[in-house]
Amino acid sequence: MQRFGNAQAAINSIPELASHGKGRAITLAKPADIENEIEQSISIDAGLIFWGTPQYPYLLAQMESAPACLIARGNLDLLNKPMVAMVGARNASAAACRFARNLSHDLGENNFIVVSGLARGIDTAAHIGAGGGHTIAVIAGGINIAYPPENADLQDRLGQDDLVLTEERYGTKPIARHFPNRNRIIAGLSLGTVVIEAAPKSGSLITARLAGELGREVMAIPGSPLDPRSRGCNSLIRDGATLIQNADDIIELLTPFTAEVRNHVRDNRSESQLGAYEQDISNEKYDEPDNDHRRDILSLLGMTFVAIDELVRQSGYSVSMVQMILLELELAGRLERAAGARVRLVE
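Just add 62 to wherever you are in the sequence shown, counting from 1, and you've got my numbering.
None of these hints come from the bench; they were simulated from the model. Check before you lean on any hint, since a few could be wrong.
Stated by the list, open to error - Result set (DMTMM-like, lysine to aspartate or glutamate): computed pairs, CA atoms no more than 25 Å apart in a straight line:
(1) 84 to 372
(2) 84 to 97
(3) 84 to 352
Based on the sequences and whatever the hints tell you, model everything.
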């Protein structure tokens, strides 16, 4: 808005910016379609939470890839409490499901909110255990779409007594690429992630990896080396994740000697979530990139993540110019961002 003068001018500039990235073309949504989407969400008692507003979750806002908008149905007060993610296998054993259910119940009793993805197995057990005001379900489809279908009643119940979140549009059916996006929200909301039964290369390990990249705690429940569903958790522990046996272990890890929850959701709020949003940058000078600048930055990028500071250092260009070129590439679908202000090209 500072660069282009006002919000409407900034939005109108998006197609042109994307064209400089020489990737996908962008067509702006029609205002009537936007209004219809909002009305559909409101019709089922759901609302929209935008980045930069007080209701937006503090820890999630710290992510490079934080969603611009969340659709929420349920008790928004849960976003003001410390959260712990709990994920695991869809085909989890009965013993693991029971453990997850009891563990999430105990965390809820100690005023923690259990965040999970409403999938079969461990996710479902975690929501049931913490249900009744202590759980948040992050789903991969629209706020009105129940997936898996057998969890329709559970999702509806969570939308009344707890909270259901999504970044997908109303009516969107979940597809494969939505689930990693959902996992990043689960990791981003939470102080730490607990993994209960997970095969190698599973979605649960993606969530754990994202939590580690964000500097959050990674915790795992050990299992038998003879059970393939435990290999992912055992590998996490071998690589440095904290071994968890009960809720007390999690509480102790997140509430050290001060007896206050570490990195509480509202700490330093005035300088963190809204700091950059509210700063007066009206005097900042912007360097407009040309094709030579774009070509130079593109030559420094590859398939391996690199820090944006390194791009600034090696190119010799201003931060504002480098950021604008990266924005053009991102809008064109050619750039991926990761924790720690790192970026890479995507195929």
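(Q) If you test the structure against every hint from before, which numbers come out violated? (A) 2
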